[in-house]
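For chain A, the structure is supplied; the task is to place chain B on it using the hints.
Below, each chain spelled out in residue letters.
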Amino acid sequence: MSIQALDIALSGLDASQTGLDAVSENLANASTPGYIAQTADMASVAGGPGPVGSGAEVSAVSLDNNQALTALAQTTSAQAGYASSLAQVLQDAQSVFNDFPSSSTSATSSSSSTSASGNGLQAQLSAFWSNWATVANSPGSLAARTSLIGSSQTLVDTLHSMSSMLSSSLTSTQALLSQTVSEVNQQLGELASLNVAVLQADASGSGGANALVEQQMALANDLAAEIGATNSTSSTGSMTISAGGVVLVSAGSAATLGVSGTGASTTVTASGGPLSATTVVPVSSGQAAGLLQALTSDLPSWQAALDNVASTLATTVNNQLTAGVYWSPLGSSSATSSPGIAMFASSTGGAVTAASIELNPTIVSDPADIAAGASASTGPLDGSNAQAVSDLAGSTSGADALYQALVGQAGSAVQSAVAAQSVTAQAASSAEAQASASEGVNTNAQLTALLNYQQMYEASGKVIATAASMFSSLLAAVS
Amino acid sequence: MSAVLPATTLAFSGELLGSIDAGEVNAQQLQQQLSTGSAIISPSDDPTGAVDALAAQAASSQASTWATNASDGLSRLGLANSVLNQVLGQISELQQSVQSVSSANFSPAGMAALAQQVQGIGQSILANANTSYEGYALFGGTSGVTEAYSSAGAYLGNNVVPTRTVGPGTQLPAGASGSSVFGSGASGLFGVINQTVADLQAGNTNAVLSTDLPAINSWYDQVQASAAQVGAYYDQMQAALEQAQSTAQTLADQASNITAVNLPKVATELSLQNSTLQSALYALAQVVPPSLLQYLP
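Chains as they are written, first to last, in this note's numbering: chain A, 28 to 506; chain B, 164 to 460.
Excised from the complex, chain A in its bound form:
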């Protein structure tokens, strides 16, 4: 027997204390999001005079991170970020199609008869066509013509407000994208400084390196959800971040992201840091990608389809009107006929769009100028041209049909975005749960470890007491 037993027991005390430290750190962080549990890696120490060895030590306190699960959680959260931002933007934007009763207008509870409900464009179009028939029935009536002008004005106003709602959706989405990009920039900067701090901590051997790695991981998770960034960690602990193949953070230098262009030509660019020149970042997942998709594809295509509705309305009505004649002054026996004039024009002078469509001021100031008649020979009470305009309501390539197609297109886009949102959110939460189950703190496991370390500590203490008592009895025998 030698003094070795005391040394070995002491190393057991030390090791179990470090183990207890790890357990207590874990339990304290059981509810910290993104916290990765630590494990004290026990190892036996070789050496010493005999074959026994010289006790136990904690070779390292390692993080229970699971690369595969973390990567999966990041990928799915990037997809969920894409789907949820796209779905949110589109859901907001589709409120422009208010052809259906909204929650704010309390409709009658049971559906007794129909409701050509809402103040949507379809209802305005129907009222417009119906007013044309009234003019056709009473071409000599100023009241019929005036109410047609009124419903035309409402129709034009509705197109204007729909167009401006879509524009403001575009503007606010662009603002949201800029905000996301500036958050990302801040995180890229933090990550670069963490990379430096990790290297310093490792070099100096000072404590807290694990906490720094956890912060790196948390930032990487955020970046994945925001711009679909992927990461890799070098053996030195420095984390590299890239998105769409463009390296954004390498060691201590971080690139700066920016938004360039507007509307359909919006892109996310990166410059500085590891990049030698300004580069377009092909963001394909993450919240920013969802916003980009809405900005560059969905919203512009809705706007274009709405413009097409307006220009088709203007073209078909104007063509029919210019084929007819109007009689002026209205109701006068000396009225003379003139070739019909257009009803819709563009306020910009260019192509008619939903934003630029306006009524011909000549027709507004004198409703007699509405060409209700087919020809000069049929007389002022002929309303057949007005009826022909009214019949445009049923045209399969007319404004109504185009608008209905637009509602269907937008509805499908929003529906699939919402479906993708719920599917990807589920996948992301399940991947996150797996990662957190694997890396997070399992209270029972920690308590079991606590018991182990406690017993180990007590046992080592017992060895020291026993050795001490053996020495003293030996000394008593000798003296």
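If you're looking for bench data, these hints aren't it; they were derived computationally from the structure. Cβ atoms here follow ideal geometry from the backbone N, Cα and C, with glycine treated the same way. Just to be clear, a hint being listed does not mean it is correct.
A partial selection of chain B residues facing chain A, derived with a Cβ cut-off under 7 Å [said to hold, decoys possible]:
| no. | residue |
| --- | --- |
| 1 | E178 |
| 2 | G181 |
| 3 | Q225 |
| 4 | N232 |
| 5 | D235 |
| 6 | E297 |
| 7 | S306 |
| 8 | A317 |
| 9 | N321 |
| 10 | V323 |
Coverage of chain B stretches by chain A, computed from C-beta distances (three or more under 8 Å per stretch; other residues unrestricted) [what the hints assert, rightly or not]:
| no. | region |
| --- | --- |
| 11 | 198-208 |
| 12 | 213-221 |
Dumping the calculated SDA-like pairs for lysine to any residue here, alpha-carbon to alpha-carbon at most 25 Å [claimed, not checked]:
| no. | chain 1 | residue 1 | chain 2 | residue 2 |
| --- | --- | --- | --- | --- |
| 13 | A | K489 | A | D68 |
| 14 | B | K428 | A | A446 |
| 15 | A | K489 | A | P78 |
| 16 | B | K428 | B | L197 |
| 17 | A | K489 | A | S71 |
| 18 | B | K428 | B | T211 |
| 19 | B | K428 | A | V445 |
| 20 | B | K428 | B | D184 |
| 21 | B | K428 | A | S449 |
| 22 | A | K489 | B | L459 |
| 23 | B | K428 | B | Q194 |
| 24 | B | K428 | B | Q192 |
The following block gives chain B in isolation, referenced to the frame of chain A:
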């Protein structure tokens, strides 16, 4: 949640929270459907149904327009019909007066009185032929004149019969032009009446009986034929009105069937959703899972 991996408190509560959120969104949608009575609140709720409902609403509105057209035509035709029947009575009155020339020996004074009577009847018929509808002559075609005939019996309107569109590509006549009913000029009804008056005033009994009376008789038949024609138009228009109305109603029902909420179904789903939500909430309240901690001294 993967059964293989041990549960951590965070993962457990995160999953529960997710399912509570999903449940609340679902319940909110159901409540919105109940409160609006519409299963489609925004196009994304059912894109196909939304398009169908819009198309049905538009078609229903167009059918309503046709019904309005038909009912406008009906009121024109109804007025024309009653005017023509009145005119028929007046012409037969005219026939009787003119016929009386043959039965008795008339003094020149009597002839003059008869001529005056015939002229009076003729003016009543002219007044009927000049009936105005919405400020314009009913029998003036589409010319926009306020009187269809001049006092001399010349037709002032045109020969275009106004029509009403009552269906896809279906136009029905909504009246009759004056010239086809009463003729125009010397050969027209008013020309014949004026001639009769002139012959009576001249005491030309022979001409009255041999030329004027047969001409009046023939105009009676023509006006009768026109009245029958207008009556037939009226029936057609009536049928078209009923058809357009029923089409409009059917399409409106169709639109509301697409958007209407199945109340019992939604109410059941909502109560089911509420109980699911409550159990999820209860589970969340119990989320501190049984742990070893409870059994340690």
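Run the structure past the numbered hints and jot down the numbers of the failing ones, going up.
8
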